[in-house]
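Given the structure of chain A, go ahead and fit chain B onto it with the hints provided.
Number of protein chains: 2
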Amino acid sequence: MNISKLISEIKRKQSFLCIGLDSDINKIPEFLKQKEDPVFEFNKAIVDATAEYTVAYKPNIAFYECYGAKGWLTLEKTVNYIKEKFPEIFLIADAKRGDIGNTSKMYADAFFGRMPFDAITVAPYMGEDSVSPFLSYKEKHVILLALTSNQGAFDFQLFENSEGELLFEKVLRKSQEWPDNDRLMYVVGATKAEMLSDIRKILPNQFLLVPGVGAQGGSLEEVAKYGMINDCGLLVNSSRGIIFAGKDHDFAEQAAIKAKELQQQMSTYL
Amino acid sequence: MNISKLISEIKRKQSFLCIGLDSDINKIPEFLKQKEDPVFEFNKAIVDATAEYTVAYKPNIAFYECYGAKGWLTLEKTVNYIKEKFPEIFLIADAKRGDIGNTSKMYADAFFGRMPFDAITVAPYMGEDSVSPFLSYKEKHVILLALTSNQGAFDFQLFENSEGELLFEKVLRKSQEWPDNDRLMYVVGATKAEMLSDIRKILPNQFLLVPGVGAQGGSLEEVAKYGMINDCGLLVNSSRGIIFAGKDHDFAEQAAIKAKELQQQMSTYL
Chain A
1 MNISKLISEI KRKQSFLCIG LDSDINKIPE FLKQKEDPVF EFNKAIVDAT AEYTVAYKPN
61 IAFYECYGAK GWLTLEKTVN YIKEKFPEIF LIADAKRGDI GNTSKMYADA FFGRMPFDAI
121 TVAPYMGEDS VSPFLSYKEK HVILLALTSN QGAFDFQLFE NSEGELLFEK VLRKSQEWPD
181 NDRLMYVVGA TKAEMLSDIR KILPNQFLLV PGVGAQGGSL EEVAKYGMIN DCGLLVNSSR
241 GIIFAGKDHD FAEQAAIKAK ELQQQMSTYL
Chain B
1 MNISKLISEI KRKQSFLCIG LDSDINKIPE FLKQKEDPVF EFNKAIVDAT AEYTVAYKPN
61 IAFYECYGAK GWLTLEKTVN YIKEKFPEIF LIADAKRGDI GNTSKMYADA FFGRMPFDAI
121 TVAPYMGEDS VSPFLSYKEK HVILLALTSN QGAFDFQLFE NSEGELLFEK VLRKSQEWPD
181 NDRLMYVVGA TKAEMLSDIR KILPNQFLLV PGVGAQGGSL EEVAKYGMIN DCGLLVNSSR
241 GIIFAGKDHD FAEQAAIKAK ELQQQMSTYL
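Protein sequence lines correspond, in order, to chains A and B. Here the working numbering is used: the first residue of the first sequence is 1, the next is one more, and so on. Here the working numbering is used: the first residue of the second sequence is 1, the next is one more, and so on.
It should be emphasised that the hints constitute simulated quantities derived from the structure, not laboratory data. One should not assume that every hint holds.
Put simply, identical chains are the same to the list, so a pair is met inside one copy or across any two.
As the list claims (entries may be wrong) - Straight-line C-alpha distance at most 27 Å; calculated BS3-like pairs for lysine-lysine: (1) K174 with K13; (2) K13 with K258; (3) K105 with K70; (4) K27 with K105; (5) K105 with K35; (6) K170 with K27; (7) K260 with K174; (8) K70 with K44; (9) K27 with K85; (10) K27 with K138; (11) K170 with K140.
So that you can see chain A by itself, here it is in the shape it has in the complex (with noise of 0.2 Å):
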């Protein structure tokens, strides 16, 4: 899928939220467990109770990993599941990948060529050849790790040059001089919204996917405020506060609830 189209998405939906499948099988409703796939029924009702509030979907691939072969069949009945029924919706890999070139390329090919994936978020430490991979599939976009919502973020991104450049800033900066640098788009944590204004002095067109909203405790009406652009720019996440929203067979009515909140407040700032 390519930009104008996720933009233009995000205009008719009015919304910019991208829902968080981190579906923890320990936490999904009990009668859910006696069905063959648990983990893929809940994804897809939650999925159909909540497509028309988001324009995104973010499977975290650890809470499938987790459990080997059969949980990446799970993963890939659900993203089947969604591309073909709502294809206009972003569908992004949150898998933090990212190794040499001839590697990435493999998980290139795990999650674009196998599984239809629209994003993938990659960790930059290994540098340009680990990304370029997934880039070369055309319409496919590459989301690097830049300034994440954890305590551990501070240990290594804010590392600072000896000209005040900080280490996610030098990440922003140089994968920008990349080829196909507009597929390229940037995680920076809710919890740090106030640094959402410097970040667009850098990237004044790019969009950014927004974890920590809700359980992490970012605000969304501080990163649209420091992080919007005419073109919007933002993906705001939200995982458990809505896929967790409710524990009982109402769980995609209150998931509904929860992502229509977000949508109605999101519309009022776009």
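Okay, now just chain B, sitting in the frame of chain A:
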């Protein structure tokens, strides 16, 4: 497996070889492709032929993940086979994972809970809480990316602060302040072997996993010269140079010849 067991195996086998099971299905012998699980048959034969010369195997997860659920089954079969038949061998998941705490926990469950890996490679960009869930598994190890063997290593890993400290040095120093740092090892590419003596000033005792000997051009002699300590402290990886040494029915014998050559060279340095 604890470190002292690994060290005693290095001494017993007179080898600090790690064999990378980057078993690309497009590069394995044609006749194997008739089998139900060609990559597993390939791995099994390679392992049986080379186990006496190596102390570690390191499947790169990308080469399995690119076949989805089927690839994960092959991976699980491979590592279960190795751990059952050769329990003294150190099993490394070359996965380069790393995420916020609750998510890294899921990856740790995948590789240490579900599968019998002894160690996993982790990207340091997200800091301490992305690493610690792996170390909460006792007798398991994290191999943190420090200075990798690819061209892109120069993009960010040599980013320098005002005191002349490079990012990868900061990763070495900072991570040594974390709990359970005795179970931290580091990836240092053989293509930068001359930097190993500086790294040994920071890490006099830690194990280093050194990729890039052979296909990527690094020299074993230089790695041993600059990186070896009393307890060896090195695992030198070779992948393509061993596992794809032969292309026909004698592929496992050819791999054994290459592995033995490296082991014999290593024994002269020990």
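The hints, checked one at a time:
1. Taking identical chains as interchangeable, the C-alpha atoms of K174 and K13 are never at most 27 Å apart, the minima being 34 Å within one chain and 45 Å between chains.
2. Proximity of K13 and K258 under a CA criterion of 27 Å is satisfied intra-copy only: 16 Å inside one chain copy versus 60 Å between copies.
3. For a Cα distance limit of 27 Å, the shortest separation of K105 from K70 qualifies both inside one copy, at 24 Å, and across copies, at 18 Å.
4. Taking CA atoms no more than 27 Å apart as the test, K27 paired with K105 passes between copies only; the shortest distance there is 15 Å, against 34 Å inside one copy.
5. In this assembly of identical chains, the alpha carbons of K105 and K35 lie at most 27 Å apart only when taken from different copies (25 Å versus 36 Å within one copy).
6. For the identical chains of this complex, K170 and K27 are neighbours neither inside a copy (38 Å) nor across copies (38 Å), given an alpha-carbon limit of 27 Å.
7. With identical chains, the CA atoms of K260 and K174 are never at most 27 Å apart, being 38 Å at best within one copy and 43 Å at best between copies.
8. For the identical chains of this complex, K70 and K44 are neighbours both inside a copy (17 Å) and across copies (23 Å), given an alpha-carbon limit of 27 Å.
9. Taking identical chains as interchangeable, the C-alpha atoms of K27 and K85 lie at most 27 Å apart only when both belong to the same chain, with a minimum of 25 Å there against 37 Å between chains.
10. Proximity of K27 to K138 under the C-alpha cut-off of 27 Å is restricted to the inter-copy arrangement: shortest distance 26 Å between copies versus 37 Å within a copy.
11. Taking the shortest Cα distances, K170 and K140 sit within 27 Å of each other inside one copy (23 Å), while across copies they are farther apart (33 Å).
Figure legend: structure checked against the earlier numbered hints; hints not met, in rising order: 1, 6 and 7.
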